[in-house]
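Asks: Read off the chains here:
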Amino acid sequence: MKEERKLSSLDVGECGLVIRLLADGSMRRRLLDVGIAPGTSVACVGKSPFGDPRAYLVRGCEIAIRRKDAEGIIIE
Amino acid sequence: MGSVKLLKREKANPRENKISVALAGNPNVGKSTLFNSLTGMHRHTGNWAGKTVSVATCDIVWEKKVYSVADIPGTYSLLSHSHEEEVARNYICFGGADVTVVVCDATSLEHSLGLVLQILEVTDRVIVCVNLIDEAERAGIKIDTDALSRALGVPVVPTVARKKGTLKRFLSELDCYSEKKEASTRYSIGYPEKIKYAAYMVEKELLSYETGGVSRFWVALRLIEGDADMNSEIFSNLGIDSCDKEISDAVARAREYLFSSGIDAEGYKDAVVGAIIGDAEAIAKSVTEVNSCDPRRKQRQIDRILTGRLTAFPVMILLLGLVLWITMSLANYPSEALSRLFTYLEGKIVLLFELCNAPDILTEALIYGVYRTLSRVVAVMLPPMAIFFPMFTLLEDSGYLPRVAYNLDRPFAACGACGKQALTMCMGLGCNAVGICGARIIDSKRERLLAILTNSFIPCNGRLPMLVSIIGVGFIIFIGRVPSALLAAALLGFILLSIGGTFLVTLILSKTILAGERSSFTIELPPYRRPEVVRVIFRSLTSRVFSVLCRAVSVAAPMGLIIFVLSSIQIGGASLINHASDFLDPVGRIMGLDGAILLAFILGLPANEIVIPILVMIYTAGGALGADISVSGMADIFINNGWTLMTAVSVAIFSLFHWPCSTSIITVYKETKSKKYTALAALLPTAFGFIICVALNFCFTLFKM
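Protein chains in written order, with our numbering: chain A, 1 to 76; chain B, 1 to 705.
With the rest of the complex left out, here is chain B (with noise of 0.2 Å):
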């Protein structure tokens, strides 16, 4: 006997046979965590339909079996169209899984039903897991799990997906279900008996295929249907000749049968899904028992306050705001912290290099070209995303974020996009790279564009420092000192700014180049949830924590020794760097920044954090990137160097509006596969940034006259 305990992610033995199992179900059903809590991977799950692209495979060992088990995206039918749905369509029916575990909602039961009576349809291999068993208590649900295995004629058991105890039952389950091989007397939907007949007289044709454990009747039903994306699948997975004539013959029969007795294709469609819908509503009636006369009452409560009329914009606001207090207030302290320790560690390695003897000039490139630049990536980014993603994710699993694309729905249609590009943007906030893949939740392909394309007006958790840096430079020079309120001030309306800049130019966008249908939108908004604090602080730091070091890797390293190069190799008197930044001195005075600066945000291409450290390298001609100073250090060094308060304001809202980071372009040609959209990512903040500070320098030199 073995317990949830001994669950491991074993090497399977090659020789033992795999049992296949699919983890399918409705969006937000829980699905992702139960494969969590089977698998002990800690693969991060979302709470809104689309979250889950790919198919995730893992095996567990359970009592002696191996199990190789896949967490398919949510689906709401197998009939229908979204990208990922088909994925998870595709998988269901012509995976060949030996058990499909149809996990349903226990407080929103017939909603989930509907599925597992689609896929009863297409296999009778099922596992049925009604899932948040202890929500549905708190709500005064109660289900009669027993009575439901008696009507589907399948098993049906009861899980908390969280709490790996309740999975006991579950996973006996599995074992014993692994055994049988007989077929059970699954449950059949009550069709009208005209679409019944006209299924029959196709699935005479098909009795001479071997469908691999498909039921033909389902086959058929498609067939009928006629959609030809369905088909064509139906055709290269079971088999079937496309074409047999003798099918064609009877799906053409069929469908005339069927107009005779005043039934379209239309009126088909509508039939086949009102008989599930029907007979999962009763179904579900007949197994439940509500105790409270309002179970998402509390939940009604909670969303008058959120998403109010008065109160809804506020409170999201509000909560920007403390997003970016928390962020930026607690990383300061592990960013300094991990500053002083590469400091330490590099004049170690310097040690170590003249103990080997290496020539200068490697020790010079490797520790203060590459090494500098490194460590300066990882010290300002990684506290700042290691604070950030996890309180995403947690606004996120307890279901607010829905709430936040359904209030800001109606300003976004208004532009041509949807409110789930707002989700986006706060993805972006975090980093620009995760909101543009992030931008897969959006059906539509060009509202998905749109998302994509402006996704880099947000400041990221990397230029998020350089912010918050150049307005308290841009305080010192105005009064002397930097008030903390006034900058917490300052850094939200710079971010409103940006948000405000996005909505223009979605606006701009979805009247030119991007224009077309506004799509339909709905979205479901789940119950709240309590999400478990420790498991999402621990699964955003691991994961967080080596997407960073590898981007810094990758990224930062060999810019780090570009710019050493750039500033070591003298023509003329002066280095590489110095002749750059003269070059591009006219460009930068038109926008109210200077030569040096623009250099900076150029090279700062690979990533936004060396920004600052590069101009100040330039300014105080230095050979390399120096140590990190205080902003009042930054302060007198820009002073010297010309800076008045408008070229705060100007390099502030050029750091919000100039070309995206290099990891965000490969990002947007990977998500697109377009060099056309790609150039565009790059182009339009740079564009627009470009014009804001030339006006902006414009009007002030008017003023100033």
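Isolated chain A, as found in the complex (with noise of 0.2 Å):
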């Protein structure tokens, strides 16, 4: 069995495959929006200088998430 990990532990160049979301309301539905559905697979492609948000590539786009939201989406 393949490991929970939030999308926040993600480090530059690692992917995962995201299992569920814990947001709700309306970040949930930002986040379904941009494309970030259970079964979505997201790498993590870059860092901004303070390291908070970082860049995620979801479905050829990239995506810039703040780490406490990052913490709402579990993968593995």
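Don't read these hints as lab results, they were simulated from the structure. Treat the hints with caution; some may be incorrect.
[To be verified] Pairs of lysine-lysine residues, derived as DSS-like cross-links and limited to a Cα-Cα distance of at most 30 Å, are as follows:
1) B:Lys-298 / B:Lys-285
2) A:Lys-68 / B:Lys-269
3) B:Lys-285 / B:Lys-196
4) B:Lys-670 / B:Lys-511
5) A:Lys-6 / B:Lys-298
6) A:Lys-47 / B:Lys-298
7) B:Lys-168 / B:Lys-18
8) A:Lys-68 / B:Lys-445
9) B:Lys-163 / B:Lys-298
10) A:Lys-6 / B:Lys-285
11) A:Lys-47 / A:Lys-68
12) B:Lys-285 / A:Lys-47
13) B:Lys-142 / B:Lys-285
14) A:Lys-47 / B:Lys-445
15) B:Lys-511 / A:Lys-68
16) B:Lys-142 / B:Lys-168
17) A:Lys-47 / A:Lys-6
18) B:Lys-168 / B:Lys-65
19) B:Lys-163 / B:Lys-142
20) B:Lys-298 / A:Lys-68
21) B:Lys-511 / A:Lys-47
22) B:Lys-673 / B:Lys-445
23) A:Lys-6 / B:Lys-445
24) B:Lys-164 / B:Lys-64
25) B:Lys-285 / B:Lys-194
26) B:Lys-142 / B:Lys-298
27) B:Lys-269 / A:Lys-6
[Claimed, not checked] Some but not every residue of chain B turned toward chain A, in silico, with C-beta under 8 Å:
28) Leu-79
29) Gly-274
30) Arg-300
31) Asp-303
32) Phe-313
33) Tyr-406
34) Asp-409
35) Ala-413
[Said to hold, decoys possible] Partner residues are not named here, just some residues of chain A that face chain B (Cβ under 7 Å, in silico):
36) Met-27
37) Val-34
38) Gly-35
39) Gly-46
40) Ser-48
Glycine included, each C-beta is placed from N, C-alpha and C at the ideal position.
Join these two chains into a complex; the hints should help.
Replies: Have a look at this one:
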């Protein structure tokens, strides 16, 4: 069984598969809208100067997500 | 057979039927570029979500038919909730367009197809445009548009929106399509069986309603979801009776059915979106061929420099300095030329007035009052703006600006705001009113207010020349000359100070009046694109010139008249202006300024460009704004009136932090519709400037002793 991690734990160059989203309400909607849903593969492709937010490659698009929000995305 | 070059905006024959075309798509896919190319309109396009916040429409004529094309704001999904995306959703679902064109980005087709599938659910009159084909090719991505068309059941056209030549195929497709009357066999999303069954339950009850082309299945899905906003839109736009018991019963039964199958409200939304995303992924994969192992490698290399830990900030500061330096140094020549032109014209106008035997008072009021003020504003403000905004737009179109928001998000989040505020500040550097409007790109209301209220802390193009002159005077007082390198460094230093002030006040506000939840922040980092330099320059020039002239006339001209009146009316041997300046003197002195300076700032409310000319006028006891003078001439006059280095520093600081110009204040009201926040926007920088100047002056006096 693959271990579960948070998206925020991904370092640059690592990738994972989204299992579930902890967020609800408008943030959940936002994540779903940009294509981050259970079954999506995401890869961390960059960090901003302070390390937060980080850039993730989702379905061919680069999306920047804050650490706080990335902690609510469970991957494996 | 027409050619794209013949495309023009003709006055539509009112008897002809217009075919309405809606341009929809994700943000950053080139919808607005397509719109511009089709309509020849030079509307400004931006490179981040939320730039187009109203729906622009334009008529075009092609092959004897009139099309009314609407450029809809970019949206990621029809189920979104931010304000701009709701506008888009309502237009797409309920706008009743004859043809909906969905624009996709060929470099991230999977991402774009989600919206295509959603729109196909609503209406079958769809044409898909796979845009940025050239960029995809460069990245080694090949899209089989014919296969995509077969899979989706609607026409699919490859385009390069900014190259008009490639639009021919699109237009012929549009032409054929508008003729077709029968429905095409379009794609239907593979929802889980249980959800489909639940939707059929509700769809049955909707059969008695005429929904005007909107799919009843789609309506059923939405009713089960139960989003209040969406429901009210559906009821009001599609003429469905919200009290229809049969429908509400069916919805309740459907939900019960789903619940008993283990699908609750959240699970339903997830399943619906999951099905759409899954299908989009499958279709995209089946029609895309990737020839390179990493299509975004080059972008990542650039990003390593522009967003890297050690290089991001130096690059940003360097770029800021570069933009400032280019703006200020290039603007000098046209400014001087304009000044000379206006002075020359003034002489001619005076002659004209004399010829007409106009009364002296009229000549003086109109020419020395209104005309001089107008010409000063235009000469000082126009050249920097005409240089700054094209540069800003180039940075924007290239895709760099979202990186700025990305880099600065952490510091802004620490102050309770978000990285997009940095972008409004960049706009404010050109014109504070533009920056205030630009706050619309921020989703959260609270953070938008933070950006609006603090925008005036950043000096605009109107204040930059004033700042440069004051710094110059300061150098002359201090060392007798103006070394241009140090001047540039000092200017950058003051700008950084104003940025620091913005952060500080943002922090204070978010701990006090505007305290609240930190919003979630996502921003798309679009691929870097080569901006079209010529088009950007032309577009910026024409739009900026027009807006500056409008503002000058409407705002500065009346002030010119007021200044003339104040300086002409004499009471007890001195003009009203001199009286006012004496009255303000005590307040000015504790700030390290004097009454004349304070008065000049007050009278400069409509336009900061006239602050220094007014000051010179007061000092020289002139009856009107004088001709343009050099920095050394200014320094002589100021020194004669008691200026010290400290005065120059205080004036420079006050020019950063004082009440916003009248246009900005009005814009704040228009954007917030709140008198309270408008007053706050005016008071904040004033109070800040006052406190700093008083404190500085206090320390200085203490130090001198």
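Asks: With reference to the structure, classify each hint as holding or not holding.
Replies: Hints and how they fare:
no.	hint	in the structure
1	B:Lys-298 / B:Lys-285	holds, 23 Å
2	A:Lys-68 / B:Lys-269	holds, 23 Å
3	B:Lys-285 / B:Lys-196	holds, 25 Å
4	B:Lys-670 / B:Lys-511	holds, 25 Å
5	A:Lys-6 / B:Lys-298	holds, 28 Å
6	A:Lys-47 / B:Lys-298	holds, 16 Å
7	B:Lys-168 / B:Lys-18	holds, 20 Å
8	A:Lys-68 / B:Lys-445	holds, 20 Å
9	B:Lys-163 / B:Lys-298	holds, 23 Å
10	A:Lys-6 / B:Lys-285	holds, 27 Å
11	A:Lys-47 / A:Lys-68	holds, 14 Å
12	B:Lys-285 / A:Lys-47	holds, 28 Å
13	B:Lys-142 / B:Lys-285	holds, 11 Å
14	A:Lys-47 / B:Lys-445	holds, 27 Å
15	B:Lys-511 / A:Lys-68	holds, 20 Å
16	B:Lys-142 / B:Lys-168	holds, 21 Å
17	A:Lys-47 / A:Lys-6	holds, 16 Å
18	B:Lys-168 / B:Lys-65	holds, 15 Å
19	B:Lys-163 / B:Lys-142	holds, 19 Å
20	B:Lys-298 / A:Lys-68	holds, 29 Å
21	B:Lys-511 / A:Lys-47	holds, 28 Å
22	B:Lys-673 / B:Lys-445	holds, 13 Å
23	A:Lys-6 / B:Lys-445	holds, 29 Å
24	B:Lys-164 / B:Lys-64	holds, 19 Å
25	B:Lys-285 / B:Lys-194	holds, 26 Å
26	B:Lys-142 / B:Lys-298	holds, 18 Å
27	B:Lys-269 / A:Lys-6	holds, 22 Å
28	Leu-79	holds, 7 Å
29	Gly-274	holds, 5 Å
30	Arg-300	holds, 6 Å
31	Asp-303	holds, 5 Å
32	Phe-313	holds, 6 Å
33	Tyr-406	holds, 5 Å
34	Asp-409	holds, 5 Å
35	Ala-413	holds, 7 Å
36	Met-27	holds, 4 Å
37	Val-34	holds, 6 Å
38	Gly-35	holds, 6 Å
39	Gly-46	holds, 5 Å
40	Ser-48	holds, 5 Å
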